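Just so we're aligned: the sequence shown equals residues 1 to 380 in our numbering.
One or more hints might be untrue.
Quick list of the computed label-pair ranges, beta carbon to beta carbon [unchecked claim]:
{"#": "1", "residue 1": "ALA213", "residue 2": "SER115", "range": "40 to 48 Å"}
{"#": "2", "residue 1": "SER307", "residue 2": "LYS191", "range": "43 to 51 Å"}
{"#": "3", "residue 1": "SER163", "residue 2": "SER45", "range": "37 to 45 Å"}
{"#": "4", "residue 1": "SER351", "residue 2": "ASP178", "range": "21 to 29 Å"}
{"#": "5", "residue 1": "LYS44", "residue 2": "LYS191", "range": "55 to 63 Å"}
{"#": "6", "residue 1": "GLU237", "residue 2": "ASP178", "range": "15 to 23 Å"}
In silico EDC-like links for lysine to aspartate or glutamate, alpha-carbon gap of 20 Å or less [what the hints assert, rightly or not]:
{"#": "7", "residue 1": "LYS280", "residue 2": "ASP229"}
{"#": "8", "residue 1": "LYS191", "residue 2": "GLU327"}
{"#": "9", "residue 1": "LYS280", "residue 2": "GLU237"}
Read the hints as simulated data drawn from the structure, not as lab findings.
Small disclaimer: the values here were computed from a predicted structure and weren't measured.
We treat Cβ as the ideally placed atom computed from N, Cα and C, and that holds for glycine.
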Amino acid sequence: MDVGFIAAKYTCLGAFDIDKKAIAVHRKNVSTNAIEADLRGIEKSQLIANGVPDVIVSGSPCQGFSTVGRRDFNDPRNSLLLRAGEIAVDIKPKIFVAENVSGALAGEHKYYWDSLDSLLRNNGYQTRTLKLNAADLGLAQRRLRIILIAWRGERELNFIQPSGGRVDLRKALGNLQDELNPNENFFKLTKMQRVIARYIKPGQKLCDVRSGASAVHTWQIPHAFGQVDEVERTVLEAVSVLRRRNRKRDWGDADPVAIREISRYIGFASSAIVSTLITKGYMRRIGHEVDLAHTFNGLYKRLNWDSISPTVDTRFGNPRYFLHPTEDRGFTVREAARIQGFPDWFTFHESMHDSFRMIGNAVPPPMAAYVAQAIRDLLK
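All chains should be modelled from the sequences, with the hints used to inform the complete structure.
Next comes the structure, spelled out in structure tokens:
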């Protein structure tokens, strides 16, 4: 969040992270007051070596809270959300800001957020939780974040929910100069991936478990996945529908399907056809039932120039997950950074993998700047 706070005319007295590569990037772009450290064991004297800050900003790991990942309640990184609050209580800044993914407010994981809120309130802070979407701040991306603001004193937080005009990918990337966007700065597609990419149009994705214009099924790409005839296609489409319609469990997205259900749905015997499709790799047996072999809900998502991007995550540069709107390739580091709202002067790590990891884990600088401006009156 530091880039946004500095854009809002704040000064960085210190930055701390256990990631050596992230610290190197911070020193290169933001402040030399960046130190590699484990916050679970850091000394208070080290934290305030350059003075007691007016504001402490925390961006703790989101992996244990994210609905995209494993979402493990017991992920040890989850406790870092509370550790940041403990540091704030010890140092007593005027304002403390914490951010994380919206999944931190869902289900049992909300325990950590509520515990942080209680810790701060019990130690003399007022608190408020905000929900922000990057798209409302003029970014070409749907990215939801929750922000906890804690402050001392009697003032009220005068926060106006952003509602700016939407910016599409064409506007965000259209004027990106070639010298800032080298061609080699993206993950190359394999021969098989190039075949798949040619079938995916803007706004579409490779997906067997959904229907509609946005879903391209594996059986529609015979050059990559193998030929099927019309009868086999009918069976595959029936399974795609039935696995979500005829639910047996109260959890998950779908259930395996009995062969008799398939036969009843299509109006003719399907057992032999199912066996053939299993041999071809399109279906699989699960006990006495069957399911599609490919049950991912969307790979090779080709973005649309006239729309916004989904959340830029750490996989954004991998064409297996996201495709450029018109070129058969993934996104470059600079394109991902632009969508996230990083200024073009900001440089990342020499490793593409580490660059995409840092970009995907970051709070968009314009979002951080908006928060920084919103809390300024609380410092008076």
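Can you let me know if the beta-carbon spacing of SER163 and SER45 is within 37 to 45 Å? holds, 44 Å
Between LYS191 and GLU327, does the CA-CA distance stay at or below 20 Å? Given pair LYS191, GLU327 holds - Cα atoms ~15 Å apart, limit 20 Å.
That 55 to 63 Å hint for LYS44 and LYS191 (C-beta), does it hold up? With a Cβ separation near 56 Å, LYS44 and LYS191 satisfy 55 to 63 Å, so the hint holds.
Between ALA213 and SER115, is the Cβ distance one that fits in 40 to 48 Å? Holds - the Cβ-Cβ distance for ALA213 and SER115, about 45 Å, lies within 40 to 48 Å.
Please check whether SER307 and LYS191 have a Cβ separation lying inside 43 to 51 Å. violated, 29 Å
Going straight from one Cα to the other, do LYS280 and ASP229 come out at no more than 20 Å? Holds. LYS280 to ASP229 sits at ~12 Å (cutoff 20 Å).
Measure nothing beyond the straight line between the CA atoms of LYS280 and GLU237; if it is 20 Å or shorter, mark the hint as holding. holds, 16 Å
Taking the Cβ atom of SER351 and the Cβ atom of ASP178, is their distance within the range 21 to 29 Å? holds, 22 Å
Holds or violated: the 15 to 23 Å window for the beta-carbon distance between GLU237 and ASP178? violated, 44 Å
The structure fails to meet hints 2, 6 from the earlier list, while all remaining hints are met.
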